[in-house]
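Those sequence lines, one after another, are chains A and B. To get the working numbering, take the position in the first sequence, counting from 1, and add 10. To get the working numbering, take the position in the second sequence, counting from 1, and add 10.
Hints were generated in silico from the structure; no laboratory data involved. Note that the structure is predicted; figures quoted are calculated from it, not measured. Heads up, a few of these hints could be off.
You can't tell identical chains apart in this list, so a pair holds if it fits in one copy or across any two.
Unchecked claim - Subject to a maximum C-alpha distance of 25 Å in a straight line, what follows is the list of computed SDA-like cross-link-like pairs (lysine to any residue):
1) K174 - A114
2) K174 - D163
3) K46 - S99
4) K173 - G115
5) K121 - E74
6) K172 - H28
7) K173 - P47
8) K46 - D62
9) K172 - N41
10) K173 - D57
11) K116 - P67
Below are the chains, spelled out letter by letter.
Protein chains: 2
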Amino acid sequence: METGSARGSDLPPGFRFHPTDEELIVHYLCNQATSKPCPASIIPEVDIYKFDPWQLPEKAVFGESEWYFFTPRDRKYPNGVRPNRATVSGYWKATGTDKAIYSAGKHIGVKKALVFYKGRPPKGVKTDWIMHEYRLIGSPRRANKHIGSMRLDDWVLCRIYKKKNMAKSMDLLKEEIMMEENQYPSPEMNNITEDNKMPNLVCEQQQMAFEVPDQYYATSSSTSQYL
Amino acid sequence: METGSARGSDLPPGFRFHPTDEELIVHYLCNQATSKPCPASIIPEVDIYKFDPWQLPEKAVFGESEWYFFTPRDRKYPNGVRPNRATVSGYWKATGTDKAIYSAGKHIGVKKALVFYKGRPPKGVKTDWIMHEYRLIGSPRRANKHIGSMRLDDWVLCRIYKKKNMAKSMDLLKEEIMMEENQYPSPEMNNITEDNKMPNLVCEQQQMAFEVPDQYYATSSSTSQYL
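Isolated chain A (complex conformation) (with noise of 0.2 Å):
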């Protein structure tokens, strides 16, 4: 695939594969845990317990700052059912609670939380990775396929990132809301005002650098009608 379709810049600027964790699970792992095509191929299968998290983002089909994998789950210990954790240079540590995920009120799978630890527990070195793992509500079929195997989850789905510092993140979602409330009542004319002597250099400089599919282009011609 090319660099360019891989990395999402195929989509007009603002847009983003931003997923609700219902979609992640009724529109990509159901489809790939029942050998069906997702809508879209933009997660690729990759074991992730075979590499440790910096190594993902150059494994990803798409993402900026987030990355999607398919990957297999294993038995710490056979015949066990906690999934082996370990990479090369750590592991993975589950954290917080698990969240229930359904669709048309239906239990349809979890989402659990894990951080990456450097090391070897119990003196593992905690860093900023982060890990969303999504699987789906258990299978009578896949319990019987897998016994006596290693192989725990033929599938589960992966979110990886790396958090922002957690203080900021707050602060910025706490701008957010309270820009909503109207706890502190602005005049407009104390807040930043226009300066006219400036010139609207940006935008005259401003070119169009993407390539627009074209059904993004508007077949009417009349977007005007309500001025």
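Given chain A, put chain B in place with the hints provided.
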């Protein structure tokens, strides 16, 4: 424009218009302000002050729970610099602090949040309708063009949406962030366990209901190379 494409269902599941502030200004507002085509024709020209916010979603080209418009702004008083914020049934009131938007280190625009009130000040009743208004940093040509006119700006870009309950938003956001923080270490056996007796009904019933544009299919057949 067909309703299907107008509501964004041409995109594969999980893909959506989720722009950054910078992208909105650089790739959409800049082009609109300089009479160039935008990368995607998804933001119609609508004078939003001729309508109440609950009338706007149906006038949008695109959007699930937030809607974008290019709108002109008129002055509140002749020769004044304050914009008119009144609509049919109420008015928009600025809230919080304006946010400066930068691109490549240059200050290119401003983002302002407003809340809609029904009725007339000072006795308006606050609603859940929120606007984020993006404007460009000033241009001398525009200032000269509108002297003596009630028009303040040819175009600003607005995002309109109905806010969720603030407490709920903060809880959801905290939950996401806390999932990343290992403050609640959670042995995997204590979390949601798979019910191996439940058939995987949801996946087996799932059908592909989306038409997928060709460009989203992988051209390479080898996505399994890393297994």
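Now the hints, each set against the structure:
1. K174 - A114: Classified as between; 21 Å across copies, 33 Å inside a copy.
2. K174 - D163: neither (30 Å within a copy, 37 Å between copies)
3. K46 - S99: neither (34 Å within a copy, 51 Å between copies)
4. K173 - G115: Cα proximity of K173 and G115: across copies only (24 Å, versus 31 Å in one copy).
5. K121 - E74: So K121 and E74 pass the 25 Å test inside a copy (22 Å) and across (24 Å) alike.
6. K172 - H28: both (16 Å within a copy, 20 Å between copies)
7. K173 - P47: Classified as neither; 31 Å inside a copy, 36 Å across copies.
8. K46 - D62: neither (29 Å within a copy, 45 Å between copies)
9. K172 - N41: neither (27 Å within a copy, 33 Å between copies)
10. K173 - D57: within (22 Å within a copy, 40 Å between copies)
11. K116 - P67: This pair counts as neither: shortest intra-copy Cα distance 33 Å, inter-copy 30 Å.
Hint check: violations occur at hints 2, 3, 7, 8, 9 and 11; the rest are consistent with the structure.
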